[in-house]
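Using the numbering used here, read the sequence shown as starting at 28 and increasing by one per residue.
Be aware that one or more of the hints could be misleading.
[Stated by the list, open to error] DSBU-like, lysine-lysine: derived pairs with alpha carbons at most 30 Å apart:
id : residue 1 : residue 2
1  : LYS166    : LYS814
2  : LYS822    : LYS118
3  : LYS822    : LYS48
4  : LYS48     : LYS118
5  : LYS636    : LYS776
6  : LYS753    : LYS822
7  : LYS753    : LYS776
8  : LYS48     : LYS814
9  : LYS48     : LYS170
10 : LYS48     : LYS166
11 : LYS776    : LYS632
12 : LYS118    : LYS166
13 : LYS814    : LYS776
14 : LYS753    : LYS814
15 : LYS753    : LYS166
16 : LYS776    : LYS822
17 : LYS48     : LYS753
18 : LYS814    : LYS170
19 : LYS118    : LYS169
20 : LYS170    : LYS753
21 : LYS814    : LYS118
22 : LYS48     : LYS632
23 : LYS48     : LYS776
24 : LYS48     : LYS636
25 : LYS169    : LYS814
26 : LYS753    : LYS632
27 : LYS170    : LYS118
28 : LYS169    : LYS48
[As the list claims (entries may be wrong)] Quick list of the computed label-pair ranges, beta carbon to beta carbon:
id : residue 1 : residue 2 : range
29 : ARG117    : ILE787    : 41 to 51 Å
30 : THR359    : ARG507    : 18 to 28 Å
31 : GLY314    : THR359    : 17 to 27 Å
32 : HIS178    : ARG550    : 55 to 65 Å
33 : SER530    : GLY552    : 23 to 33 Å
Hint data in this document are derived by calculation from the structure and do not stem from the laboratory. Values in this document were obtained by computation on a predicted structure and should not be read as measured data. Each residue gets a CB set at the ideal place from its N, CA and C atoms; glycine is no exception.
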Amino acid sequence: MAEYEHRHIDLSGLGVVRDYKSPGSNARQRTLQRIREEHGRRLVGELNAALQFADQRREVLDLPDGAPPPDGVYLEVELAPGVGPTTLERKRERTRQGAVTVTANGARRIALFVPDDTRDVFDAVFRDYAFTEVEDGEKIPKKSRVEPVEHVRTARLQTFWRDDPDALPDDPQAEMWWALWCFRDRVERVDDLAQRLGLTVGDDDTRLRFPEVIVLPVHGRRAVIELLLFSTGGIAEIRRATDTPAVFTDELHGMVSDFVENLAERVTWPGRDVPAVCLLDTGINRGHALIEPALDRGDLHTVVADWGVDDHSNIGHGSGMAGLALHGDLTTQLGDASRPVLSHRLESVKILPPDSFEPNDPFSYGAITTSAAALPEIAASERPRVFCMAVTNENRSGAEPTGWSAALDQISSGADAVEEGPDHIRRLFVQALGNIGDSSHADEIADADAFPGEDPAQAWNVLTVGGTTLKSDIAEYAYRDWSGWSRPGDRSPYSRTTTLWRSSQSPIKPEVVFEAGNRAVSRSGIEAVSGLPSLSLLTTSKTAVPEPIVSFWATSAATAQAGRMAARMMAERPDYWPEAVRALMVHSARWTPHMLAEFAGAAGKAERKALTRKYGYGVPNLRRGIASARDDLALVAQRNIQPFRMDGGNVRFGDAHVYRLPWPRDVLESLGNERIRLKVTLSYFVEPNPSFASAIDPARYQSFGLRFDLKRARETERNFMRRVNKDDRDEGDLRPVNEDNDGWFFGPKSVSAGSVHMDIWEGSAVELAARDLLYVFPISGWWRERKALGRAESKSRYALVVGIEAPDVDVDLITPIATELANLIAAGVAIET
Numbered sequence: 028m029a030e031y032e033h034r035h036i037d038l039s040g041l042g043v044v045r046d047y048k049s050p051g052s053n054a055r056q057r058t059l060q061r062i063r064e065e066h067g068r069r070l071v072g073e074l075n076a077a078l079q080f081a082d083q084r085r086e087v088l089d090l091p092d093g094a095p096p097p098d099g100v101y102l103e104v105e106l107a108p109g110v111g112p113t114t115l116e117r118k119r120e121r122t123r124q125g126a127v128t129v130t131a132n133g134a135r136r137i138a139l140f141v142p143d144d145t146r147d148v149f150d151a152v153f154r155d156y157a158f159t160e161v162e163d164g165e166k167i168p169k170k171s172r173v174e175p176v177e178h179v180r181t182a183r184l185q186t187f188w189r190d191d192p193d194a195l196p197d198d199p200q201a202e203m204w205w206a207l208w209c210f211r212d213r214v215e216r217v218d219d220l221a222q223r224l225g226l227t228v229g230d231d232d233t234r235l236r237f238p239e240v241i242v243l244p245v246h247g248r249r250a251v252i253e254l255l256l257f258s259t260g261g262i263a264e265i266r267r268a269t270d271t272p273a274v275f276t277d278e279l280h281g282m283v284s285d286f287v288e289n290l291a292e293r294v295t296w297p298g299r300d301v302p303a304v305c306l307l308d309t310g311i312n313r314g315h316a317l318i319e320p321a322l323d324r325g326d327l328h329t330v331v332a333d334w335g336v337d338d339h340s341n342i343g344h345g346s347g348m349a350g351l352a353l354h355g356d357l358t359t360q361l362g363d364a365s366r367p368v369l370s371h372r373l374e375s376v377k378i379l380p381p382d383s384f385e386p387n388d389p390f391s392y393g394a395i396t397t398s399a400a401a402l403p404e405i406a407a408s409e410r411p412r413v414f415c416m417a418v419t420n421e422n423r424s425g426a427e428p429t430g431w432s433a434a435l436d437q438i439s440s441g442a443d444a445v446e447e448g449p450d451h452i453r454r455l456f457v458q459a460l461g462n463i464g465d466s467s468h469a470d471e472i473a474d475a476d477a478f479p480g481e482d483p484a485q486a487w488n489v490l491t492v493g494g495t496t497l498k499s500d501i502a503e504y505a506y507r508d509w510s511g512w513s514r515p516g517d518r519s520p521y522s523r524t525t526t527l528w529r530s531s532q533s534p535i536k537p538e539v540v541f542e543a544g545n546r547a548v549s550r551s552g553i554e555a556v557s558g559l560p561s562l563s564l565l566t567t568s569k570t571a572v573p574e575p576i577v578s579f580w581a582t583s584a585a586t587a588q589a590g591r592m593a594a595r596m597m598a599e600r601p602d603y604w605p606e607a608v609r610a611l612m613v614h615s616a617r618w619t620p621h622m623l624a625e626f627a628g629a630a631g632k633a634e635r636k637a638l639t640r641k642y643g644y645g646v647p648n649l650r651r652g653i654a655s656a657r658d659d660l661a662l663v664a665q666r667n668i669q670p671f672r673m674d675g676g677n678v679r680f681g682d683a684h685v686y687r688l689p690w691p692r693d694v695l696e697s698l699g700n701e702r703i704r705l706k707v708t709l710s711y712f713v714e715p716n717p718s719f720a721s722a723i724d725p726a727r728y729q730s731f732g733l734r735f736d737l738k739r740a741r742e743t744e745r746n747f748m749r750r751v752n753k754d755d756r757d758e759g760d761l762r763p764v765n766e767d768n769d770g771w772f773f774g775p776k777s778v779s780a781g782s783v784h785m786d787i788w789e790g791s792a793v794e795l796a797a798r799d800l801l802y803v804f805p806i807s808g809w810w811r812e813r814k815a816l817g818r819a820e821s822k823s824r825y826a827l828v829v830g831i832e833a834p835d836v837d838v839d840l841i842t843p844i845a846t847e848l849a850n851l852i853a854a855g856v857a858i859e860t
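Turn these sequences into a full structure, and let the hints guide you.
In structure tokens form, the structure reads like this:
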């Protein structure tokens, strides 16, 4: 077994900054075959009818005295399937684009606000296209704007609905909490009229603020919400406000242990200045021998003072999370003679109210999480921490961004920071994917894909945790003829998947999996049972006596262990950014033999990528995360980057980074055709903009994106530079050659949304010796696309991990690579262009 005893190699010094220009996309969009006169006349007719109907509806709006009258109308503009990204709003016309939905055949329907005083300008666009006489060879006016349009209609409430269609009540008198995604400059208008109409509006603390929208929680009847919508022109999208969380455990079976005090005496407890796992949960009962020495009273917080800080959960969920986050599974430690040394401690923020209090406002969890993250930072500002949350929105799919998931992305990215610059505070969150609920009928919970990961697990910047299990032996006598539901190394039967999320628009979730326990299934396969102690983990209970140890399972258990690993990595490498800790956790992960067998049986790269939505990138390994071995090493870079810059009045791409990889050619070439594995992981945090078409086009949600490319083995250095970066091409240059790029496990075409990307290349050692350049380059985001927001020249940062492993040969790679790196830096890194 490899000995992981070497520090990872710092690759940062080998990155060369380059001006970047995208070589463009080879993606083909659908070519529309339009008969201009016919298409144009139909759209002009539809537009006139839509405007007329909107005016008639406006005349009968029953507004309260003193309320300002509407100053525009909403239209629903449907774009033909396959026309590619299209922005309908125009600054001169002051049109504003709102919700975007996609029909079953791929058409996009967009809510568009048209002000009264520019309606004639908007109308002229369609008339110019339809009626202008054009000679052969002349350009058709407004062609690019009008030809993608399939239909124009008057907008309805359904046009703005960005949630499960079945969740929109049909009854106009039906009451519920609504989440109104409002244009920032019109939120006061919406708020004022909502108050005048007698609607209940969430207070300031429950509102979420994003670059282009403010999310307003409002309670009232559907009919009044429609009146508010069409009277103000200030609402971009509407969703449910039902962020009611579910904690992922059921009744826990207790186990009494006489060894708790013994273990507490064997532990070397941490000091105050070490990293912490900050649990956002039901509180923690501190008076437990295995918790108290690592949790100061001053580190117990609550978002509402009257709730107290103790664990109010009947099952002791917060205290159970605490034990696993601090010690891991106690099963072995309670019975051995080890002397554990703890390098991290605990913090707690209570975010759920006790039963005796009113439930939280149903839309408040984004705001509550934001407030909760601030409390420990105020109390212990210099302490590194990882935030850990196993609370989700019960049965609410995370297929698209929500207010809660976007709030997590905002907290993680530090978008709430006062100071500008790439080095403002970043925060690492680990978040549970969500559980498949319990049922005694196995067939009701057998299809994991029918249970998609739950909100807010889709947040791009968080490390989302699913479950696996190695537990299969049942010790309980009453279940002696039952068996474990999942085979060792398979997905835990508690853990959801994201197989049904749209692959190109949603990030790969979960990224990692940890032990979550197993269910038992009867010999007939008909019955199922959860929480058997022998198929679960052991952790601390909420009561020190009489039952200090309890069983714990599901993705709560997995998430607590992920938080523990992250904190231990922070303690070992305090110089690593949160982006790097996340990258190394993903990078250190390996699939179990059971998972690898499924990957081996996949028909191609697309099926492999689909399996990551079940297994993530595998089970992380602490030893591999914090250190390298002589034949399994990691090179780590942490760099600031400016993705875009202003060029005159336009926004263009900014910087890219090229790394000369310090491969020792003589060593690799001497290995010949021996198999070498290269693994690349890229991690960064995006600033979210969860509005408009962000769920349809990831570039509208992310502030920027990054990708990587590796020089091909038979490619010249100059060809590589010119192929990746159009800025390196001279006028008249021949088109760069696209050499063979086989060997990738997933391949560049499998890259999806998200802010962490990983792929694995395998090939011969001699081939790797020639693949010695790696490009990190930007892709688009709202910092570029929404120039008016003034963020085009913002800077950010990323972590890059390049791993090299020789699985079949005993060879020292780390020494010659470290030597080559030192030589390159001493000589000055040169790149041929």
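Structure-based check of each hint:
1. Proximity of LYS166 to LYS814 is assessed by CA-CA distance (about 28 Å); at most 30 Å being required, the pair is judged to hold.
2. Distance hint between LYS822 and LYS118 is fulfilled; the C-alpha atoms sit about 26 Å from each other, no more than 30 Å.
3. For the hint linking LYS822 to LYS48, the alpha-carbon distance of about 17 Å falls within 30 Å, and the restraint holds.
4. With a C-alpha separation of about 26 Å, the suggested pair LYS48 and LYS118 falls inside the 30 Å cut-off, and the hint holds.
5. Taking the CA atoms of LYS636 and LYS776, the gap is near 10 Å; set against the 30 Å cutoff, the hint holds.
6. With a CA separation close to 22 Å, the supplied pair LYS753 and LYS822 stays within the 30 Å bound.
7. Note on LYS753 and LYS776: the hinted pairing holds, with a Cα-Cα distance of about 20 Å set against a maximum of 30 Å.
8. Restraint check for LYS48 and LYS814: satisfied, since their Cα atoms lie roughly 18 Å apart, inside the 30 Å limit.
9. Among the hinted pairs, LYS48 with LYS170 is consistent with the structure: their alpha-carbon atoms are about 27 Å apart, no more than 30 Å.
10. With a C-alpha separation of about 29 Å, the suggested pairing of LYS48 with LYS166 holds against the 30 Å cut-off.
11. Restraint check for LYS776 and LYS632: satisfied, since their Cα atoms lie roughly 9 Å apart, inside the 30 Å limit.
12. Proximity of LYS118 to LYS166 is assessed by CA-CA distance (about 23 Å); at most 30 Å being required, the pair is judged to hold.
13. Among the hinted pairs, LYS814 with LYS776 is consistent with the structure: their alpha-carbon atoms are about 28 Å apart, no more than 30 Å.
14. For the given pair, LYS753 sits about 23 Å from LYS814 by alpha-carbon distance, which is consistent with the 30 Å threshold.
15. Taking the CA atoms of LYS753 and LYS166, the gap is near 29 Å; set against the 30 Å cutoff, the hint holds.
16. This hinted pair checks out: LYS776 and LYS822 have alpha carbons roughly 27 Å apart, not beyond 30 Å.
17. In summary, the hint linking LYS48 to LYS753 is supported, as the alpha carbons are separated by about 5 Å, within the 30 Å threshold.
18. With a C-alpha separation of about 24 Å, the suggested pair LYS814 and LYS170 falls inside the 30 Å cut-off, and the hint holds.
19. Note on LYS118 and LYS169: the hinted pairing holds, with a Cα-Cα distance of about 16 Å set against a maximum of 30 Å.
20. Distance restraint check for LYS170 and LYS753: the Cα-Cα separation of roughly 29 Å lies within the 30 Å cut-off, and the hinted pair is therefore satisfied.
21. As the CA atoms of LYS814 and LYS118 are separated by approximately 11 Å, the hinted pair is consistent with the 30 Å bound.
22. Taking the CA atoms of LYS48 and LYS632, the gap is about 29 Å. The hint holds against a cut of 30 Å.
23. With a C-alpha separation of about 20 Å, the suggested pairing of LYS48 with LYS776 holds against the 30 Å cut-off.
24. A hinted pair counts as satisfied when its Cα atoms are at most 30 Å apart, and LYS48 with LYS636 qualifies at roughly 29 Å.
25. Taken as a hint, the LYS169 and LYS814 pair is honoured in the structure, with Cα atoms around 23 Å apart against an allowance of 30 Å.
26. The suggested pairing of LYS753 with LYS632 holds, with an alpha-carbon distance near 28 Å, which does not exceed 30 Å.
27. For the proposed pair LYS170 and LYS118, the alpha carbon gap of about 18 Å is at most 30 Å, so the pair holds.
28. For a cut-off of 30 Å, the pair hint linking LYS169 to LYS48 stands: about 28 Å separates their Cα positions.
29. The hint said 41 to 51 Å for the Cβ distance between ARG117 and ILE787, and at roughly 45 Å that hint holds.
30. Checked against the hint of 18 to 28 Å, the pair THR359 and ARG507 passes, with Cβ atoms roughly 24 Å apart.
31. For GLY314 and THR359, the Cβ-Cβ distance of about 25 Å falls inside the hinted range of 17 to 27 Å, so the restraint holds.
32. For HIS178 and ARG550, the hinted distance range of 55 to 65 Å is satisfied, since their beta carbons lie about 58 Å from each other.
33. A hinted range of 23 to 33 Å for the beta carbons of SER530 and GLY552 is consistent with their spacing of about 31 Å.
Going through the hint list in order, the structure satisfies each hint without exception.
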